[in-house]
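Using the sequences provided together with the hints, build the complete structure.
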Amino acid sequence: MKATRLTLFCHALTQAQKTGRLHCADDGILPLSQPPAPLLPAVQLLTAPERRACETAAWLSSTVHVEPALADCDLGHWQGMALKQLQAEQPEALADWLREPASNVHGGESFAALCQRMAAWLAAFDRPGEWLAVTHPQVIRAVLVQVLGCPMSAGQRIDVLPLSRLELSHTGQWRLRLGEVQNASL
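With the working numbering, the residue at position 138 of the sequence shown is 138, and numbering never jumps.
In case anyone wonders, no lab produced these hints; they're calculated from the structure. The structure presented is a predicted model; accordingly, all values stated were derived computationally and were not measured. The beta-carbon is built from N, C-alpha and C at its ideal position, and this holds for glycine as well. Check before you lean on any hint, since a few could be wrong.
Below, a list of computed lysine to any residue pairs in the SDA-like style, where the Cα atoms sit at most 20 angstroms apart [to be verified]:
| no. | residue 1 | residue 2 |
| --- | --- | --- |
| 1 | Lys84 | Gln17 |
| 2 | Lys2 | Gln44 |
| 3 | Lys18 | Pro137 |
| 4 | Lys84 | Pro128 |
| 5 | Lys84 | Lys2 |
| 6 | Lys2 | Pro128 |
| 7 | Lys2 | Pro49 |
Quick list of the computed label-pair ranges, beta carbon to beta carbon [said to hold, decoys possible]:
| no. | residue 1 | residue 2 | range |
| --- | --- | --- | --- |
| 8 | Arg177 | Ala113 | 20 to 28 angstroms |
| 9 | Lys2 | Ala37 | 21 to 29 angstroms |
| 10 | Asp96 | Gln116 | 41 to 49 angstroms |
| 11 | Gln87 | Gly172 | 43 to 51 angstroms |
| 12 | His65 | Ala37 | 43 to 51 angstroms |
| 13 | Pro41 | Gly179 | 18 to 26 angstroms |
| 14 | Ser62 | Asp96 | 39 to 47 angstroms |
This is the structure in structure tokens:
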């Protein structure tokens, strides 16, 4: 059985993230001061379908495959809203959504549903080799919750910064891969 290495790569910073606004599907990335290094030829690239993920993936390779399962969590009628507006106008709903993984008070996809979607995707991902998948903070949180088998409520305690990576490996089961930092000053 050949091993699978899958790195989830968070898209670059967006204006929505910078200003404390929930995402929209058409949010683009802000200009990068230093683009990420291109992928090695042996690494295959997947991307979520949203513009911000596709733009980030384009920095990494000219050969990109869109993977619909990597789509961001659907925030329903909260898409594009400022967090301060939600705190002022719907504080109980926002608190419920942050506290309860099954909450979909916004009319979209709950974190619990996203976790189920990502668990199904991981279970079906049987492509050996090296893969990099550009996706979103909520998706990376959901994958991490699934791989570690921790409570879904732990997802709210995970910060996923723009351009951060989550490395996984699979040889019979998914495992978190921790490694050394390369080319970084500490």
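Tested hints:
1. Lys84 to Gln17: Status holds; Cα separation ~13 angstroms.
2. Lys2 to Gln44: holds (15 angstroms)
3. Lys18 to Pro137: holds (14 angstroms)
4. Lys84 to Pro128: violated (44 angstroms)
5. Lys84 to Lys2: At roughly 48 angstroms apart (the allowed maximum being 20 angstroms), Lys2 and Lys84 break the hint.
6. Lys2 to Pro128: holds (6 angstroms)
7. Lys2 to Pro49: Violated, at about 28 angstroms.
8. Arg177 to Ala113: 20 to 28 angstroms: Since the Cβ atoms of Arg177 and Ala113 sit about 27 angstroms apart, the hinted range of 20 to 28 angstroms holds.
9. Lys2 to Ala37: 21 to 29 angstroms: holds (25 angstroms)
10. Asp96 to Gln116: 41 to 49 angstroms: With a Cβ separation near 19 angstroms, Asp96 and Gln116 fall outside 41 to 49 angstroms, so the hint is violated.
11. Gln87 to Gly172: 43 to 51 angstroms: Holds: the Cβ-Cβ distance is about 45 angstroms, inside 43 to 51 angstroms.
12. His65 to Ala37: 43 to 51 angstroms: violated (20 angstroms)
13. Pro41 to Gly179: 18 to 26 angstroms: Holds: the Cβ-Cβ distance is about 21 angstroms, inside 18 to 26 angstroms.
14. Ser62 to Asp96: 39 to 47 angstroms: Hint holds: Cβ distance 43 angstroms, inside 39 to 47 angstroms.
Violated hints, in rising order: 4, 5, 7, 10 and 12; the structure is consistent with all others.
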